[in-house]
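Please build the complete structure, drawing on both the sequences and the hints.
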Amino acid sequence: MKSNTITHLGMAVCIAAAAFGCASSGVKNPSGTPVTEMKADERGFVTGTGVESQDLVAVTDKMSRGILGLDRVARATTPPNIVLEPVVNETRFPINKDIFLTRIRASLNSKAQGKVIFLAREQIAALEKERELKRTGQVTSTSDPNVQEFKGADYFLTGKLQGMTTKAKAGVSDYVLYTFQLIDARSSVIVWEDLAEIKKQGLEDAAYR
Amino acid sequence: MTQSSALHRAATATCVALLLSLSSVFWAGCSSSPKKEKPKLTGDPLVDGENFIQNGPERDRVLWQYRTALTALRQGKLDLSKQYLDEALARIQGIYGKDADAKKSRSYFREEARKTFIGEPYERAMAWFYRGILYWIDGQPDNARACFRSGQVMDSDTEDKTYSGDYVLFDYLDGYVTSRLGGDGSDAVRRAETNSHLWKPPGFAPKANLLVFVDYGPPPTKFATGEYREQLRFAGGKSQIVSATVKIGEASGKAVPYDDLFFQASTRGGRVMDHVLANKAVFKKSTDIAGTVGIISGAAMATSNNRDVQTAGLAVMGVGVVTKIFSAATTPEADVRTWDNLPLYLSFVAFEVTPGEHTLTVDFLDGQGRILAGQSKTATINVPEGTPEKVIYVSDKSITPQTL
Numbered sequence: 001m002k003s004n005t006i007t008h009l010g011m012a013v014c015i016a017a018a019a020f021g022c023a024s025s026g027v028k029n030p031s032g033t034p035v036t037e038m039k040a041d042e043r044g045f046v047t048g049t050g051v052e053s054q055d056l057v058a059v060t061d062k063m064s065r066g067i068l069g070l071d072r073v074a075r076a077t078t079p080p081n082i083v084l085e086p087v088v089n090e091t092r093f094p095i096n097k098d099i100f101l102t103r104i105r106a107s108l109n110s111k112a113q114g115k116v117i118f119l120a121r122e123q124i125a126a127l128e129k130e131r132e133l134k135r136t137g138q139v140t141s142t143s144d145p146n147v148q149e150f151k152g153a154d155y156f157l158t159g160k161l162q163g164m165t166t167k168a169k170a171g172v173s174d175y176v177l178y179t180f181q182l183i184d185a186r187s188s189v190i191v192w193e194d195l196a197e198i199k200k201q202g203l204e205d206a207a208y209r
Numbered sequence: 001m002t003q004s005s006a007l008h009r010a011a012t013a014t015c016v017a018l019l020l021s022l023s024s025v026f027w028a029g030c031s032s033s034p035k036k037e038k039p040k041l042t043g044d045p046l047v048d049g050e051n052f053i054q055n056g057p058e059r060d061r062v063l064w065q066y067r068t069a070l071t072a073l074r075q076g077k078l079d080l081s082k083q084y085l086d087e088a089l090a091r092i093q094g095i096y097g098k099d100a101d102a103k104k105s106r107s108y109f110r111e112e113a114r115k116t117f118i119g120e121p122y123e124r125a126m127a128w129f130y131r132g133i134l135y136w137i138d139g140q141p142d143n144a145r146a147c148f149r150s151g152q153v154m155d156s157d158t159e160d161k162t163y164s165g166d167y168v169l170f171d172y173l174d175g176y177v178t179s180r181l182g183g184d185g186s187d188a189v190r191r192a193e194t195n196s197h198l199w200k201p202p203g204f205a206p207k208a209n210l211l212v213f214v215d216y217g218p219p220p221t222k223f224a225t226g227e228y229r230e231q232l233r234f235a236g237g238k239s240q241i242v243s244a245t246v247k248i249g250e251a252s253g254k255a256v257p258y259d260d261l262f263f264q265a266s267t268r269g270g271r272v273m274d275h276v277l278a279n280k281a282v283f284k285k286s287t288d289i290a291g292t293v294g295i296i297s298g299a300a301m302a303t304s305n306n307r308d309v310q311t312a313g314l315a316v317m318g319v320g321v322v323t324k325i326f327s328a329a330t331t332p333e334a335d336v337r338t339w340d341n342l343p344l345y346l347s348f349v350a351f352e353v354t355p356g357e358h359t360l361t362v363d364f365l366d367g368q369g370r371i372l373a374g375q376s377k378t379a380t381i382n383v384p385e386g387t388p389e390k391v392i393y394v395s396d397k398s399i400t401p402q403t404l
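Read top to bottom, the protein sequences are chains D and A. According to the working numbering, the first sequence holds residues 1 to 209 in order. According to the working numbering, the second sequence holds residues 1 to 404 in order.
In short, the hints are calculated from the structure, not lab data. The reader is advised that the hints may include incorrect statements.
[Unchecked claim] To give an idea of the chain A side of the interface with chain D (calculated C-beta under 7 Å), a few residues:
| no. | residue |
| --- | --- |
| 1 | Gln93 |
| 2 | Ser105 |
| 3 | Asn143 |
| 4 | Arg149 |
| 5 | Ser150 |
| 6 | Val272 |
Bear in mind the structure is a predicted one, so any value in this text is a computation, not a measurement. Heads up, the beta-carbon is just placed ideally off N, CA and C, and yes, glycines get one too.
As structure tokens, this is what we get:
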């Protein structure tokens, strides 16, 4: 009688275990992960070893502070005119290069309160066309269109991203060096330069190695 | 103790053991995601690809993104190709650290093919290569170079360092872009020349304004071998097409193979996963043998006249059955999912042509240098004045004619 009870109990436990086993979906986060708003300078839970938003924020903030702290900018009686030159990407990561200069420009424009002036050289074709339309009288003008008002650059701001990669069975390591320069347009002297460096390492699951 | 109660206890033990083993199989087998019906193939690779990306298994998404991106590139649908490659590359760049599916695929009772597909290193390298071509087509040679460098990195952890990072074209193009951007690309070109085992890459054409990427031949395929199909191997390496000629007006250039994907796939050496699969195979075999021994010896004991021996025999049989079930549930099979529309050979030709509209023809040649009938491709191209240079991609699987 006693052994019968044990048998039935055992069978019940096994069936229950089987049933619960089948009930599981076996998927981690089956309902997905809700959208998580993060700060741009935060390291998120989706990361790689490449150039990411937190790097962009850290690097461009550092560069903006460097430019603003420059005597030639901070104590200039007339705000210097700066032209942005494309950033050179020599890393192994394809990036939107303009985003670095765009953030530096926006940061300086919002924080420097007129201490520097950026010239929209990337819009020069459209600006020339507009001026030509005014000069030929095809559109109206509030000032004399024949007067040269396009400003020349006092400085060029440019940068370069360079990288070093090591990949081995132990994982991948990526080092990226960010350098930015302010170049005097008249003398070609590099009046300011700063750098930032970020190194990241990661290792894939053994299933991918 | 009566005979019947002894038998009853033995039967109970066997029954419980069987149920336990069955429930463990349920745990292993039923814990997968609910079965989702696989999309049906229509025969149109672009339609099928998009369908599988949207509705197919999540673990195969990158595989279908690779395939569909290449199909789109060959049909001149560059935006679609970029979209899928970007999605796939974003996925494969974020695989560091813990991955639940990858972890499961290492367990005894899950197949390797249950992990999220990101491809073997030669497949990942090719995803970077094609994205590089697309960046160059868009006039971003430095981003193209970044992709070629990343492609080379994918191949840099081989077991035998002789074959580490040895794609000829990746280094050559790295040097080519560096030179065109005013840098010194000579180191990269030297590496390309050292690694070339088919053809040496040509010297730079500094004034070239038309760059043609050509690829051809059937891709390497994967198969599983070994007693339990636990060893991943590659097949292929043979192609009817062994070179190509690119003609534009009076000019022509030989698109000889600089890289061989079968060579790249098969010279990487062992994977860490191979050891995991080998362990699974050993477990499968040893549990199978132990199970057989248990069942046979248990059966022999059960025929004994001694009740206690009979009881023990039935218990041993039960354990044998359980062990056999564990063996059957072990899955050491290697993952053979393959990016199956890759080429075998990669090539590149540079031309200096007058700006304007041209007709470009690519003839594919066999081993005797004969043009293979019905395989030629033509494209109407418009070479712009000055920079950026015109970059085009033609494959033996491209649609023809095209306007590029």
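Here is what the structure says about each hint:
1. Gln93: Where the cut-off is 7 Å and the nearest Cβ of chain D is about 4 Å from Gln93(A), the hint holds.
2. Ser105: Check passed: Cβ of Ser105(A) comes within 5 Å of chain D, closer than 7 Å.
3. Asn143: holds (4 Å)
4. Arg149: holds (4 Å)
5. Ser150: holds (4 Å)
6. Val272: Holds, because the Cβ-Cβ distance from Val272(A) to chain D comes to roughly 4 Å (cut-off 7 Å).
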